[in-house]
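Visitor: Note that this note's numbering has the sequence shown beginning at 784, numbered continuously upward.
Keep in mind the hints are simulated off the structure, nothing from the lab.
C-beta atoms are modelled at their ideal positions from N, C-alpha and C, and glycine is treated no differently.
There's no promise every hint is true.
Claimed, not checked - Calculated pairs, EDC-like style, for lysine to aspartate or glutamate (alpha carbon to alpha carbon, straight line, at most 20 Å):
#, residue 1, residue 2
1, K880, E840
2, K870, E899
3, K835, E805
4, K870, D966
5, K880, E786
6, K908, D853
7, K943, E954
What the hints assert, rightly or not - Ranges between beta-carbon positions, derived for each pair:
#, residue 1, residue 2, range
8, T792, M965, 45 to 55 Å
9, M965, Y852, 41 to 51 Å
10, K873, E896, 34 to 44 Å
11, I968, S910, 26 to 36 Å
12, I931, M869, 14 to 24 Å
13, M955, L917, 19 to 29 Å
14, K875, E923, 22 to 32 Å
15, T813, N924, 31 to 41 Å
16, S910, M955, 39 to 49 Å
17, S910, S802, 35 to 45 Å
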Amino acid sequence: MMERRKEMTKQILAESFQSLMEQHPFEKITIKMITDEAGVIRPTFYNYFQDKYEVLEWLISDSVSRSIYDLIDNDMENEAIKMVFMKVEKNKLFFRKGFEIQGQNSFKSILIEQLEKMVLYILKKHSRLDKVGLKVLNNENVALFYAIGLVTAIEIWVMKNDSVSASDIYEMYTYMVSHSIMDLIE
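With the sequences and hints as input, model every part of the structure.
Guide: Structure, rendered in structure tokens:
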């Protein structure tokens, strides 16, 4: 019971932060604003998070991992990637505001890191890179390559093509990753 209550408090703090991010620039959000929005006292925040960057990272991780790894474990990798786009669509304003965060702990770098873990998880499950015979083509490099591509697709979508659906972006993304640039010219 106590563990469930702790998890609920953490979720409330994160949701409060997300709500504030949709209304205010990241730099202007304070711990006091988060705790006021959540209806808790300031010390409660520090029982769960060190700072607002940790909340940001937790929110991104939570949006990527919740149910997505279950899909991968059930050999539904395509559905897992589609789920990423669906979760972004559901929280598009949060992602749009997030991409505005620059610097060392940028939203984009945190998202790349989380999606890199997801792609690496898929590769470790299904990789045939050892048969390719290229030293530099290892799971880690391939995971980073695809994570950067996925994050770039998400960024372009939420920042420039807002009216496009998650399904359409997913179809575009899967087409791009399954075809060579040479397939697009001629």
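Visitor: If any of the earlier hints don't hold here, list their numbers in rising order.
Guide: Numbers 4, 5, 9, 10 and 16, in rising order.
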